[in-house]
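K.L.:
If you want the building blocks of each chain, they are given just below.
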Amino acid sequence: NAGVTQTPKFQVLKTGQSMTLQCAQDMNHNSMYWYRQDPGMGLRLIYYSASEGTTDKGEVPNGYNVSRSTTEDFPLRLLSAAPSQTSVYFCASSRDQGGYTFGSGTRLTVV
Amino acid sequence: GNSVTQMEGPVTLSEEAFLTINCTYTATGYPSLFWYVQYPGEGLQLLLKATKADDKGSNKGFEATYRKETTSFHLEKGSVQVSDSAVYFCALLGTGGFKTIFGAGTRLFVKA
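Chain order of the listed sequences is L and V. Converting from the first sequence to this note's numbering requires adding 25 to each position, the first position being numbered 1. Converting from the second sequence to this note's numbering requires adding 1 to each position, the first position being numbered 1.
In case anyone wonders, no lab produced these hints; they're calculated from the structure. Do not take every clue at face value.
Now the stretches of chain L that chain V is said to cover, found in silico as 3 or more residues with beta-carbon under 8 Å [as the list claims (entries may be wrong)]:
no.: 1; stretch: 62-72
no.: 2; stretch: 126-136
Here are a few chain L residues that face chain V, going by a calculated C-beta distance under 8 Å [stated by the list, open to error]:
no.: 3; residue: S56
no.: 4; residue: A75
no.: 5; residue: F115
For every residue, glycine included, the Cβ atom is placed at its ideal position computed from N, Cα and C.
Let the hints inform the model, and build the full structure from the sequences given.
P.N.:
Set out below in structure tokens:
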């Protein structure tokens, strides 16, 4: 029972670098989500995907990109890292109107 | 639009004390309501849920009742343990929606 797997768990980037945060789920959930969690800001939705082949912007999509080419995978790309993107990133998945299953998070520092 | 408001923390209790964390919501229609828990260094975990008015969700000794008349979904536990120390999030999923709205979270500290 892997659930939602995020890699890497920790990452340090230099300003301007790009990278991809990986997210995979093995529960055949139709919907997947990316959130960032910052102190005092709660959880903010970056992007979501209601089903394979579709993606939509959340509250804070600038500087990020996503794709959903398979049901299982939902990678998040940072196009040109900035210090403001230092955060903890969580991927989640759900089936229909059910609750979310979250991954364990990626702690990203941009210097 | 839909929104969730939960009590600010931190909440500090002694072991075996009674816990209440208040949560109220604003939504049209009949949303589903959830409580999630986040332990230090981990992702959020679904604790319990209720999908219609008067439903009671329960898990691990925690309970919450969906009260449409007061638009509330308060989390309760009769006797907390040190291991319950965590951040608790109230959340709402609107009818037919995909995006869950989370409250700001309430940090709970339980002292031995």
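K.L.:
Now tell me if each hint is right for this structure.
P.N.:
Going through the hints against the structure:
1. 62-72: holds (count 3)
2. 126-136: n = 5 at 8 Å, threshold three: holds.
3. S56: holds (5 Å)
4. A75: holds (5 Å)
5. F115: holds (6 Å)
Checked against the numbered hints above, the structure breaks none of them.
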